[in-house]
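Chemist: Listed below, chain by chain, are the residues.
2 protein chains.
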Amino acid sequence: MARPKEFDRETALSNAMEVFGDHGYEGSSTEVLMREMGISRQSMYDTFGDKRRLYLEALQHYVADQVAGQIRTLNTSSSALKGLEAALLAFALKAADGPGCMGIGAICEFGRSDQEVTILIDTAEKTLRSALEHRIADAKAAGEICAEVDMRAAADFLTATFAAIKIAGRGGASLETLRNIARMAIRSLK
Amino acid sequence: MARPKEFDRETALSNAMEVFGDHGYEGSSTEVLMREMGISRQSMYDTFGDKRRLYLEALQHYVADQVAGQIRTLNTSSSALKGLEAALLAFALKAADGPGCMGIGAICEFGRSDQEVTILIDTAEKTLRSALEHRIADAKAAGEICAEVDMRAAADFLTATFAAIKIAGRGGASLETLRNIARMAIRSLK
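So the protein sequences, as listed, match chains A and B. Converting from the first sequence to our numbering requires adding 1381 to each position, the first position being numbered 1. Converting from the second sequence to our numbering requires adding 1381 to each position, the first position being numbered 1.
A couple of the hints might just be wrong.
Note: identical chains are not told apart, hence a pair may lie in one copy or across any two.
Claimed, not checked - Derived DSBU-like pairs: lysine-lysine, alpha-carbon spacing no greater than 35 Å straight-line: (1) Lys1475 with Lys1463; (2) Lys1521 with Lys1432; (3) Lys1432 with Lys1571; (4) Lys1432 with Lys1507; (5) Lys1463 with Lys1432; (6) Lys1463 with Lys1507; (7) Lys1521 with Lys1475; (8) Lys1571 with Lys1463; (9) Lys1475 with Lys1571; (10) Lys1507 with Lys1571; (11) Lys1463 with Lys1521.
Treat the hints as calculated values from the structure; they're not laboratory data.
Same shape as in the complex, but just chain A (with noise of 0.2 Å):
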């Protein structure tokens, strides 16, 4: 018996994040796409559109179910500090084996150039600093956190220490290594 289209559908694209992230959009031939999610070339235009459209869509999910995952490990202690370290340590044992990266891989590869990019990274960048300004402004209430450090700025810091730990893991650094970058960026919230 066939399986349900909505499930092809969900593991396709998913198998589809991989190769992007692994390769880039550039990098990633339809040939190569259509083998890893293991449809045709008339079902994936079919399903998705063209490679445009598919990669649009995997980025979308991708950075969609990347901070829902950082959102969700911020909100679990009722310590924001803890919840803070939470995220990044959570994110350091994720980013440990060197996965590649969608949402780092087009900002590398388009910078700002291509508008639909650009929103989809910024929506989640947004979302993001959003759930962090919380949690620091939580910190900062509770005392966890020193009173002269600046909520926005220490939203800046670390929504790049999230991209930091990500690109030091894909470079090969260890976990010890990914976890003392978000030890270090917590302490400078103290």
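Chain B: place on chain A using the hints.
Modeler: What follows is chain B alone, placed relative to chain A:
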């Protein structure tokens, strides 16, 4: 009178670095490279070899230039902590107009899958890290950095912060945001 060949080669290589920095390895076609380098296919092959050899030479020059600049700024001040801050702030200024980055682009695109790329990236990173460790040790000895800060953790963290600044700039962050990242990173040492 024709320009000396040496000068042309350097300019052509520098233009190749810009193309690769903006579009990555896969995204840079030989046609665009030839056009931006202002040379014919034959000259390109005679002078640099194939696209891969050109990429590796451009990457080597790019990361060597970048690390040399970082280390120069690190050592401009007699205060080691001021040197560390100056290096991050100077890097923020360079990253503010969102230039492409061959180094981070190479890490995104290849991870550790290409041995020659990996050697170039690892060498640059080890060189920067070693210079950072020396300055961190100086700053600790001078009492500018908190005694409990682990030198290796701090070096891991500052190395990653350079990448964070570059990615944030490429993503469109303002100079003020990039300076916030640099200043917060320095805070973590105190």
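Chemist: Between Lys1463 and Lys1507, at a C-alpha cutoff of 35 Å, which is it: within one copy, between copies, both, or neither?
Modeler: both (22 Å within a copy, 32 Å between copies)
Chemist: Using 35 Å as the alpha carbon limit, work out where Lys1475 and Lys1571 are close: within a copy, between copies, both or neither.
Modeler: Answer is both; intra-copy 25 Å and inter-copy 29 Å each pass.
Chemist: Is it within, between, both or neither when you check Lys1571 against Lys1463 at 35 Å Cα-Cα?
Modeler: This pair counts as both: shortest intra-copy Cα distance 12 Å, inter-copy 20 Å.
Chemist: Which holds for Lys1463 with Lys1432 at a C-alpha limit of 35 Å: within a copy, between copies, both or neither?
Modeler: neither (41 Å within a copy, 48 Å between copies)
Chemist: Is it within a copy, between copies, both, or neither that the alpha carbon of Lys1432 lies no farther than 35 Å from that of Lys1507?
Modeler: Intra 27 Å, inter 38 Å, cutoff 35 Å: intra-copy only.
Chemist: One pair to classify: Lys1475 and Lys1463, alpha carbons no more than 35 Å apart. Within, between, both, or neither?
Modeler: So Lys1475 and Lys1463 pass the 35 Å test inside a copy (18 Å) and across (34 Å) alike.
Chemist: 35 Å Cα cut-off: does Lys1521 pair with Lys1475 within a copy, between copies, both or neither?
Modeler: Classified as both; 28 Å inside a copy, 32 Å across copies.
Chemist: First find the shortest C-alpha distance between Lys1432 and Lys1571 inside one copy, then the shortest across copies, and answer within, between, both or neither for a cut-off of 35 Å.
Modeler: For Lys1432 and Lys1571, neither the intra-copy (46 Å) nor the inter-copy (49 Å) Cα distance is at most 35 Å.
Chemist: When no copy is named, should Lys1463 and Lys1521 be tagged within, between, both, or neither for a Cα gap of at most 35 Å?
Modeler: both (13 Å within a copy, 28 Å between copies)
Chemist: Between Lys1521 and Lys1432, at a C-alpha cutoff of 35 Å, which is it: within one copy, between copies, both, or neither?
Modeler: neither (46 Å within a copy, 53 Å between copies)
Chemist: Could you figure out if Lys1507 and Lys1571 sit no more than 35 Å apart (CA to CA) within one copy, between two copies, both or neither?
Modeler: both (24 Å within a copy, 29 Å between copies)
In summary, the structure is inconsistent with hints 2, 3 and 5 from the numbered list given earlier, while agreeing with the others.
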